[in-house]
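Please model the complete structure; the sequences and the hints are all you need to start from.
Each protein sequence line maps, in turn, to chains E and Z. For the first sequence, the working numbering assigns the number 1 to the initial residue and increments by one for each residue that follows. For the second sequence, the working numbering assigns the number 470 to the initial residue and increments by one for each residue that follows.
Do not take every clue at face value.
Said to hold, decoys possible - Derived, one-sided and incomplete: chain Z residues facing chain E with beta-carbon distance under 7 Å:
no.	residue
1	498
2	514
3	515
4	521
5	528
6	533
7	544
8	550
9	551
10	553
11	554
12	567
13	577
Stated by the list, open to error - Chain E regions said to be covered by chain Z (calculated; three or more residues, Cβ under 8 Å):
no.	region
14	4-13
15	260-267
16	398-408
It should be emphasised that the hints constitute simulated quantities derived from the structure, not laboratory data. Cβ coordinates follow ideal geometry from the N, Cα and C atoms, glycine included.
Letter by letter, the chains look like this.
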Amino acid sequence: MLFPTLTFGLFFLAVFTGAWLLRNENEWRKILLLIASWIFYGAWDWRFVALLIVSGFLNWGAARLILYFEDDARKRKLTLILGVIANLCILGWFKYYGFFMEQFAALLTGLGWERDLYIMQVVLPVGISFFTFQGMSYLIDIYRRQTEPARLLDMVLLMSFFPHLVAGPIVRASHLIPQFEKVPKIDRGVMAMGLLLIVWGLFKKTIIASYLATDFVDPVFFDPSAHTSLDLVLAAYGYAVQIYCDFSAYSDMAIGLAALLGYRFPHNFNQPYRASTLQDFWRRWHISLSSWLRDYLYISLGGSRHGQIRLYFALTMTMLLGGLWHGASWNFVIWGAIHGGVLAAERMWWQHRPESAPKLPRWAGILVTFHIVTFAWIFFRSATFDDASTYLAGIAALDFAGTMLTPVGLALIVIGMALHALPPQAIQHNAMRLRRISAVWVGLGTGVLILIIDAMRAEGVEPFIYYQF
Amino acid sequence: MTDTEPKSADPLEEAPLPKPLTGTTMTSPVDLPPMEDGEAGDDHPVRWAAIAIATATAFLAIFNASALQGWAFGLTPSAETQPVVEAAVQWNERTSALGLDRPYRAMHEAWQGLVAIEFGGDDGETANEEDIAPPPPTTAEDDEQASEPGFSGL
Numbered sequence: 001m002l003f004p005t006l007t008f009g010l011f012f013l014a015v016f017t018g019a020w021l022l023r024n025e026n027e028w029r030k031i032l033l034l035i036a037s038w039i040f041y042g043a044w045d046w047r048f049v050a051l052l053i054v055s056g057f058l059n060w061g062a063a064r065l066i067l068y069f070e071d072d073a074r075k076r077k078l079t080l081i082l083g084v085i086a087n088l089c090i091l092g093w094f095k096y097y098g099f100f101m102e103q104f105a106a107l108l109t110g111l112g113w114e115r116d117l118y119i120m121q122v123v124l125p126v127g128i129s130f131f132t133f134q135g136m137s138y139l140i141d142i143y144r145r146q147t148e149p150a151r152l153l154d155m156v157l158l159m160s161f162f163p164h165l166v167a168g169p170i171v172r173a174s175h176l177i178p179q180f181e182k183v184p185k186i187d188r189g190v191m192a193m194g195l196l197l198i199v200w201g202l203f204k205k206t207i208i209a210s211y212l213a214t215d216f217v218d219p220v221f222f223d224p225s226a227h228t229s230l231d232l233v234l235a236a237y238g239y240a241v242q243i244y245c246d247f248s249a250y251s252d253m254a255i256g257l258a259a260l261l262g263y264r265f266p267h268n269f270n271q272p273y274r275a276s277t278l279q280d281f282w283r284r285w286h287i288s289l290s291s292w293l294r295d296y297l298y299i300s301l302g303g304s305r306h307g308q309i310r311l312y313f314a315l316t317m318t319m320l321l322g323g324l325w326h327g328a329s330w331n332f333v334i335w336g337a338i339h340g341g342v343l344a345a346e347r348m349w350w351q352h353r354p355e356s357a358p359k360l361p362r363w364a365g366i367l368v369t370f371h372i373v374t375f376a377w378i379f380f381r382s383a384t385f386d387d388a389s390t391y392l393a394g395i396a397a398l399d400f401a402g403t404m405l406t407p408v409g410l411a412l413i414v415i416g417m418a419l420h421a422l423p424p425q426a427i428q429h430n431a432m433r434l435r436r437i438s439a440v441w442v443g444l445g446t447g448v449l450i451l452i453i454d455a456m457r458a459e460g461v462e463p464f465i466y467y468q469f
Numbered sequence: 470m471t472d473t474e475p476k477s478a479d480p481l482e483e484a485p486l487p488k489p490l491t492g493t494t495m496t497s498p499v500d501l502p503p504m505e506d507g508e509a510g511d512d513h514p515v516r517w518a519a520i521a522i523a524t525a526t527a528f529l530a531i532f533n534a535s536a537l538q539g540w541a542f543g544l545t546p547s548a549e550t551q552p553v554v555e556a557a558v559q560w561n562e563r564t565s566a567l568g569l570d571r572p573y574r575a576m577h578e579a580w581q582g583l584v585a586i587e588f589g590g591d592d593g594e595t596a597n598e599e600d601i602a603p604p605p606p607t608t609a610e611d612d613e614q615a616s617e618p619g620f621s622g623l
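Below you can see the structure in the form of structure tokens.
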């Protein structure tokens, strides 16, 4: 069930109505949201609803055990480790089993021990990377005494809650469980923001991201050798815009839907291509993942507390694993290595830069950072390493004779980039105006905007890019 | 901002940009400054949102009935879904007969014309009636979501 479809719209209307009819019965309200979340998830594959429930029980139980062993530090730590390993096993089985078996078979072949290995085809449950990370962060927070223990219902709802279930933002227990404990108190501002974010997300996804994907980026990346250098360069920019408009649209809609139900989700994007350093980029892109990696991986790997060599190692390793989190592919590892390497190089430069060295102007920093990010996107988007190599070789051929990009495609790339020049709080400003207006006018305005978006969108609805992760 | 510059009267200008999350703190895009004295009342926010959503839904049901019909065509054929399909088709025919689908069609046609333009002079004449009214999607389950037209439920 994709957000920008009528099926989801009807589903959400029913959930919205039911949730607010039950506003005086918080427990029943949460049960309704839980059942709705399972229906939402079951629309992909009912079998995996059981996985969601098991995962919720597992993390709730492990957290209870950590609390039970309050006075025994060794048992507490052992329980945490087992709980994290259990989550990683779930993730590893569904996401990385095939990849590692293929690598193992290639290794055997390389050593001259070729065998016909039976490799099962494992179906990847949608959103598994997100809900296992949420489960692990809950266990670690409980271990670190940074969050209060959750009730079973709240824990299962945290992991199943449909607005963030399949592609984030990664909402931590310490953020959402306290909100589940009572019927949310909301105001018109929250509701206005919810409506605006949903319409804004629809625009970015169905017009910019979908058009660029189907009419330009996908065909170019499918066969880079059949396109000119100009096409390849423009498709790299196009993909930079597409993935931003696609993923930030999902986040906006998730945040908006949660807001209409009365819950606050965290920021996940903040005009990432305005970043003037790569460190700045990671404070603006997929904020809930980057902060997760920082708090639970980078710090656990030593962070900046053990000298510079350890810091560079922690940075690089965090980004390598962050790359692997996206999928079982060497291209994601390379993508992570590029980000980790540049982050480490930036740190090194700041720490050892000669006093007299000139400082890069901010605009130049933005330009350089954007192109590093876009270069890394080529590996992220390409199906294989060979495809990425062909792509880069095609750019290096400097064949600028013509392009398949249309004027509308070019305009959408420019608009996607121009979104970064908007005032950072533009939507909030509009929501502050909107909340003063009569509901009927707001509804008519919303209807007109959705009608315009629907008239402009491409046929069909492409799944969100981050569904595959 | 230096000390000599006037402070912005806008409360959002004072709001910090989102910072990376920490264990217990969080900023959300939906956090707005509270309404000031003298602003329109903040009573019954749920009713306000419900009326807005209901109005938008009714508006879209009237002016974008073809999306409803397309969605109905995408349902798995059965005795239960047949009345839904018939109702959606009848509703679309009625609104079309009244000309209520004209704004959508005009916008869609104009957009298709723009999309068809290519560098080098093609003026988009290839956009035709078929582009505006696509045939009903196939009923294959795998294609259901990818081919589902319209989202006029919000």
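Status of the hints after comparison with the structure:
1. 498: Interface hint status for residue 498 of chain Z: holds (6 Å vs cutoff 7 Å).
2. 514: holds, 5 Å
3. 515: Residue 515 of chain Z check passes; min Cβ-Cβ to chain E is 5 Å, inside 7 Å.
4. 521: Because about 4 Å separates residue 521 of chain Z from the closest Cβ in chain E, which is inside the 7 Å limit, the hint holds.
5. 528: holds, 3 Å
6. 533: With Cβ-Cβ at 6 Å, under 7 Å, it holds.
7. 544: violated, 9 Å
8. 550: Check failed: Cβ of residue 550 of chain Z comes no nearer than 12 Å to chain E, outside 7 Å.
9. 551: Violated - the Cβ of residue 551 of chain Z stays beyond 7 Å from chain E, reaching only about 18 Å at its closest.
10. 553: With a closest approach of 11 Å, the residue 553 of chain Z hint is violated.
11. 554: violated, 14 Å
12. 567: violated, 16 Å
13. 577: holds, 4 Å
14. 4-13: holds (count 9)
15. 260-267: Held - the region 260-267 of chain E has 5 residues with a Cβ nearer than 8 Å to chain Z, which meets the minimum of three.
16. 398-408: holds (count 5)
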